[in-house]
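Below are the chains, spelled out letter by letter.
Protein chains: 2
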Amino acid sequence: MDKNQEPGREDILLAAERIKPTLHRTAILTCRYIDELVGASIYFKCENFQKAGAFKSRGATNALLSYDQYDIKSGVATHSSGNHAAALARAAQLRHIPAYIVMPENSSKVKVEAVKGYGGRITFCKPTLIAREEKLNDVLNETNAFEIHPYNNYAVIAGQATAALELIEDQPGFDTIISPVGGGGLLSGTALAAHYFSPKTNVIGAEPTGADDAYQSFYQKKFIPSINPDTIADGLRTSLGSLTFPIIRRLVSDIVTVNDHATIEAMKLVWERMKIIIEPSSAVALAMVIKHKHRFAGQKIGIIISGGNVDLMHLPWM
Amino acid sequence: MDKNQEPGREDILLAAERIKPTLHRTAILTCRYIDELVGASIYFKCENFQKAGAFKSRGATNALLSYDQYDIKSGVATHSSGNHAAALARAAQLRHIPAYIVMPENSSKVKVEAVKGYGGRITFCKPTLIAREEKLNDVLNETNAFEIHPYNNYAVIAGQATAALELIEDQPGFDTIISPVGGGGLLSGTALAAHYFSPKTNVIGAEPTGADDAYQSFYQKKFIPSINPDTIADGLRTSLGSLTFPIIRRLVSDIVTVNDHATIEAMKLVWERMKIIIEPSSAVALAMVIKHKHRFAGQKIGIIISGGNVDLMHLPWM
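Going line by line, the protein sequences match chains A and B.
Number 318 marks the last residue of the first sequence (our numbering); no jumps.
Number 636 marks the last residue of the second sequence (our numbering); no jumps.
Everything labelled a hint here was simulated from the structure, so no lab data went into it.
All the pointers check out, no bait thrown in.
Listed next, the in silico SDA-like pairs over lysine to any residue satisfying Cα-Cα at most 25 Å (straight line):
| hint | chain 1 | residue 1 | chain 2 | residue 2 |
| --- | --- | --- | --- | --- |
| 1 | B | K391 | B | D456 |
| 2 | A | K116 | B | E583 |
| 3 | B | K586 | A | L29 |
| 4 | B | K586 | A | E272 |
| 5 | A | K20 | B | R350 |
| 6 | A | K20 | B | C349 |
| 7 | A | K109 | B | M636 |
| 8 | A | K111 | B | R591 |
With these hints in hand, go ahead and build the complete structure from the sequences.
Structure representation (structure tokens):
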């Protein structure tokens, strides 16, 4: 694919072929109790079952498998406290190149262990965006590694689009597909997949009230950064990117916010009823559907469960 | 089926047909991380995804669907603080008959709500076995309901056997299938299914050290009751039954115990790595395999994950 151009139909199909041998085609689950609760038919695309526990493996793996060996021969690098770090480390391991991960020093032990488990080389830094970016620059200069941004990268976006592609292939005819929105990699990928493969489907982003920069950007029609986000959905605190926002503006029908209380309730509901572990960021979409159930009454809805990496020692309802 | 005779091949196949329309053929999951940890190939039969959250729905549903309308026209009854209560209430609802459930007054709110959610009529009693049996007798006399014992019932055993039957159908060639053992309904059903449909497979029971009555009974070749059981595996505190013990003696290869510490570790490992919610009773089998991994090296192993009903406010590692 042309890495400087927005992914088209072929790019998404190629991404799906590329990642197929090393990633899971994740399960799609339903729950009658939840369907009755909301009066709709919801299909959950379970990226919590994905390798490294999140959809992030799709984007990272597609990026690493689509770049030339020459470009990434010195390795890849990113700063991340979360799922992208583990996903990139795992993808680099597949290509036998080093992954340099800049992580804030307050990252959870579980996430640090996950990155180490995939052979990632960690550099710690102060937990601020400026410190992360500075340290990453140092690492890039020292190692000559290639930066793989967690979402502002077309190959990553094409990879994230494959989750919705599989959902649409397995369950045609959605009225609405909903994904959470943080930096917009998953939401823009979902919007592209629906645009090319299910054009009658509305795509909606779900966002925490305490980190509503995408909502603000969408409705003010200009980029509004995420400043002092306050939400337990730790994957959704980032700002939109210069590549993700234009796709979202053009192809997403709506962005709807929901507060953390509702998100925690939805997360607990899924754990109790569906017996699967989803992270807070993944519960935002269901919380939004429950809150606005009259809007979605009778619809066939797809929800992308973004991941299942949770610190089991600190659950949000305890 | 003849309800006074041990289930044969045909009884198990009939049970499978009977429950098919209203229960799930549950997923079978694998986890590469766990396989590498133990050096074997483990297939987890996920009864935590079963209706009402546990394999108990199989036995209760088969029993209710195989009895004559005449026998159960006044309803069914049991005493149970756990999964059988919800399973029986749900099965009774399918046949439009009342289910009278005697529950100890200290039953968890979640379990009481589950029984109520399926329309079960609850009578509370003191939390002792004697109080439970006395109260159940009162209820049986008052209502003329038919008692469905949680495990000492051949129709229930035939229903529980269908979990292993599905596992064997989907994944032939197991060296070993392991199920937890409490009253022995699941273990005896598993042993019957292997005997008829995969006779070269060894069936092993896994039991908590703090409730090792089945282990003691098996090796002393006589019934030893469970007295003052001390384990977090709340589904495995009961004694074997007069119908389950003979099957286990004849068809089970071994019963192996494991302590609660190892069970909690195994439970957390499954939550973290497989992103599924399993209850402590379900983790006993994996804990046992991890403890004795040299014994199982290189084997193809089936593990029946018995259920996923956990009080999310009180997790054993917190």
